[in-house]
Amino acid sequence: MYSVNYHRASSVADAARLLKNGDAKLLSGGMTLIPAMKTRLAAPSDLVDVSRLKDLQGIKVSGKAVTIGAATTHYDVSTDEKLRKACPALAHMASLIGDPAVRYKGTIGGSIANNDPAADYPAALLALGATIVTNKREIAADKFFKGLFETALKDGEIVTAVSFTAPAKAAYQKFRNPASRYAIVGVFVTKGKDGVRAAVTGAGEDGVFRSKEIEAALAKNFDVAALGNLKVSAKGLMSDIHASADYRANLIAVMAKRAVAAANA
Amino acid sequence: MSDVSLTVNGKRVSGSTEDRTLLVHFLREHLGLTGTHVGCDTSQCGACVVHVDGRAVKSCTMLAVQASGSSIVTIEGLADGAELHPVQAAFKEHHGLQCGFCTPGMIMAATDMIARHPQGLDEAIVRAELDGNICRCTGYHNIVKAILAASAAMSKGAKGKAKQAA
Chain A
1 MYSVNYHRAS
11 SVADAARLLK
21 NGDAKLLSGG
31 MTLIPAMKTR
41 LAAPSDLVDV
51 SRLKDLQGIK
61 VSGKAVTIGA
71 ATTHYDVSTD
81 EKLRKACPAL
91 AHMASLIGDP
101 AVRYKGTIGG
111 SIANNDPAAD
121 YPAALLALGA
131 TIVTNKREIA
141 ADKFFKGLFE
151 TALKDGEIVT
161 AVSFTAPAKA
171 AYQKFRNPAS
181 RYAIVGVFVT
191 KGKDGVRAAV
201 TGAGEDGVFR
211 SKEIEAALAK
221 NFDVAALGNL
231 KVSAKGLMSD
241 IHASADYRAN
251 LIAVMAKRAV
261 AAANA
Chain B
266 MSDVSLTVNG
276 KRVSGSTEDR
286 TLLVHFLREH
296 LGLTGTHVGC
306 DTSQCGACVV
316 HVDGRAVKSC
326 TMLAVQASGS
336 SIVTIEGLAD
346 GAELHPVQAA
356 FKEHHGLQCG
366 FCTPGMIMAA
376 TDMIARHPQG
386 LDEAIVRAEL
396 DGNICRCTGY
406 HNIVKAILAA
416 SAAMSKGAKG
426 KAKQAA
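Taken in sequence, the protein lines are chains A and B.
If you count by my numbering, then the first sequence holds residues 1 to 265, one letter each, in order.
If you count by my numbering, then the second sequence holds residues 266 to 431, one letter each, in order.
Some clues are possibly wrong.
Reference excerpt, derived from the structure (chain B facing chain A, CB under 8 Å, subset only) [unchecked claim]: (1) Ser267; (2) Ser281; (3) Glu283; (4) Asp284; (5) Asp306; (6) Ser308; (7) Gly311; (8) Val314; (9) Ala321; (10) Met327; (11) Leu328; (12) Val330; (13) Gln331; (14) Arg392; (15) Glu394.
With a Cα cut of at most 20 Å, we get these calculated EDC-like pairs of lysine to aspartate or glutamate [to be verified]: (16) A/Lys25 with A/Asp194; (17) A/Lys231 with A/Asp246; (18) A/Lys235 with A/Asp246; (19) A/Lys38 with B/Glu294; (20) A/Lys54 with A/Asp23; (21) A/Lys38 with B/Asp284; (22) A/Lys25 with B/Asp284; (23) A/Lys212 with A/Asp194; (24) A/Lys38 with B/Asp318; (25) A/Lys25 with B/Glu283; (26) A/Lys20 with B/Asp284; (27) A/Lys54 with B/Asp318; (28) A/Lys38 with B/Asp306.
These stretches of chain A come out as covered by chain B in the derived footprint (C-beta under 8 Å, 3 or more residues) [to be verified]: (29) 22 to 35; (30) 100 to 106.
If you're looking for bench data, these hints aren't it; they were derived computationally from the structure.
Small disclaimer: the values here were computed from a predicted structure and weren't measured.
Even glycine gets a Cβ: it sits at the ideal position worked out from N, Cα and C.
Given only the sequences and the hints, what does the whole structure look like? Please build it.
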């Protein structure tokens, strides 16, 4: 790791001020950033640690309205009793990230700000139609995830929370790489008052995306049977040593069926 | 450089270190606590697992300055004098190791796992929960046996004491 200056922010405003130092980066759980720094894929001059800010922590559930602080860990999301009642699919999804030690440190804000094309949270927030709250504005998930490791966040902008309305039905199914534990394909489906949404991670060349094919098939009938003839195009899907685009296209259909079955169970 | 203050295995320690120093290197090289190992150095293998504020995390994926102010327990802090912690005793009894390199991380992950499942563990849970700890010798069978035995022993009698040590 190259030399770096560490700062522990005392508030979100303090973090925004500290971010103006050189080529500073926010540090939350560090489960992606620190490994990237160790291999010198990332070399920020300064780190601004926001993981201990109380304002960024915790889960609020009020009826169907859910708000999760950006520095809330995957472990806390996966075990929160209120969230497990309001939106069990999201708690379940958090329990599938990495391994137990990673879930104790990694945070929801860090995951979405990084927008890894195989991360789980981007699919969940896109399918939930979530709102990403920053220190400057609110951004709809549909406009937040822009491409590979690219988001709508501007310089100095800090994710403070995410919020969404819990859907009537939802589930996430993931076919994971056994070594990295990232999704080779993950599909999150929801059925809420605004209809059906289905988001796919791990597969798209431009990162997470909504599958129009799955959404159209499920619009009239939210049932596995409606996906019987689902054909997913391999166009725009990734090919790498783990899976070809055609294999991923097939996996999207398989994961979509499993997710709908789980959502209806 | 930054000042780092920690409570490690119940003792207050402090020192000055480069901001880029990883917690595992601070423990091993500054404090001489070499029981915590560096295996893969890529956050996969779990040989470096220690407890930070009661949670089992990978000390190779955390800066020492990030941990400043926290309470750390390493493998050296588990035993009560000459008496092994129940998880250590179970690893010995069930031969849950061969070369022993992964063992400190395995035991720190196992004590955390047992604490999170006070209702008890089964084999499927143990295997799933060991996702972040890699062993290249044993094939995991005896590690799983040892953790199940420790979980059963700790929920039976020595509950208060074991909890304290963990």
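Verification of the hints:
Using the Cβ-Cβ criterion of 8 Å, the hint placing B/Ser267 at the interface with chain A is satisfied: the shortest such distance is roughly 6 Å. For the restraint placing B/Ser281 at the interface with chain A, the shortest Cβ-Cβ distance is roughly 13 Å, beyond the 8 Å limit, so the hint is violated. The criterion of a C-beta within 8 Å of any C-beta in chain A is met by B/Glu283, whose closest approach is roughly 7 Å, and the hint holds. For B/Asp284, the shortest C-beta to C-beta distance to chain A is roughly 4 Å, which falls under 8 Å, so the interface hint holds.
Residue-level restraint check for B/Asp306 holds (minimum Cβ-Cβ distance to chain A is 7 Å; threshold 8 Å). The beta carbon of B/Ser308 comes within 5 Å of a beta carbon in chain A, closer than 8 Å, and the hint placing it at the interface holds. Evaluation of the B/Gly311 hint against chain A yields a held restraint, the C-beta minimum of about 6 Å falling below 8 Å. Given the 8 Å rule on beta carbons, the hint for B/Val314 holds: about 6 Å separates it from the nearest Cβ of chain A.
Nearest Cβ of chain A to the Cβ of B/Ala321: about 6 Å, under the 8 Å cut. The hint holds. Of the supplied interface hints, the one on B/Met327 holds, with its beta-carbon coming within about 6 Å of a beta-carbon of chain A, less than 8 Å. Hint status for B/Leu328: holds, given a least beta-carbon distance of 6 Å to chain A, under 8 Å. Because the smallest distance between the Cβ of B/Val330 and any Cβ of chain A comes to about 5 Å, under 8 Å, the interface hint for this residue holds.
Hint on B/Gln331 holds. Least Cβ distance to chain A is approximately 6 Å, under the 8 Å limit. Look at B/Arg392: its Cβ only gets to about 12 Å from chain A, farther than 8 Å, so that hint breaks. Below 8 Å, beta-carbon pairs count as interface contacts, and B/Glu394 has one with chain A at about 6 Å; its hint therefore holds. As the CA atoms of A/Lys25 and A/Asp194 are separated by approximately 37 Å, the hinted pair breaks the 20 Å bound.
With a CA separation close to 11 Å, the supplied pair A/Lys231 and A/Asp246 stays within the 20 Å bound. The suggested pairing of A/Lys235 with A/Asp246 holds, with an alpha-carbon distance near 9 Å, which does not exceed 20 Å. A threshold of 20 Å between alpha carbons decides the hint, and for A/Lys38 with B/Glu294 the separation of about 18 Å falls inside it, so the pair holds. A threshold of 20 Å between alpha carbons decides the hint, and for A/Lys54 with A/Asp23 the separation of about 25 Å lies outside it, so the pair is violated.
For the proposed pair A/Lys38 and B/Asp284, the alpha carbon gap of about 13 Å is at most 20 Å, so the pair holds. At most 20 Å may separate the alpha-carbon atoms for a hinted pair to count; A/Lys25 and B/Asp284 meet this at roughly 14 Å. At most 20 Å may separate the alpha-carbon atoms for a hinted pair to count; A/Lys212 and A/Asp194 meet this at roughly 15 Å. Between A/Lys38 and B/Asp318 the CA atoms are separated by roughly 24 Å; this puts the pair beyond 20 Å, and the hint is violated.
Under the criterion of a C-alpha separation no larger than 20 Å, the hint pairing A/Lys25 with B/Glu283 is consistent with the structure, at around 18 Å. Distance restraint check for A/Lys20 and B/Asp284: the Cα-Cα separation of roughly 19 Å lies within the 20 Å cut-off, and the hinted pair is therefore satisfied. Pair hint A/Lys54 plus B/Asp318 holds up; C-alpha atoms about 16 Å apart against a cutoff of 20 Å. Distance check on the hinted pair: A/Lys38 and B/Asp306 sit about 9 Å apart at the alpha-carbon level, within 20 Å; holds.
With a cut-off of 8 Å between beta carbons, the stretch 22 to 35 of chain A has 5 residues touching chain B; three or more are needed, and the interface restraint holds. Here's how the stretch 100 to 106 of chain A fares: 5 of its residues keep a CB closer than 8 Å to some CB of chain B, so the rule of at least three is met and the hint holds.
Hint check: violations occur at hints 2, 14, 16, 20 and 24; the rest are consistent with the structure.
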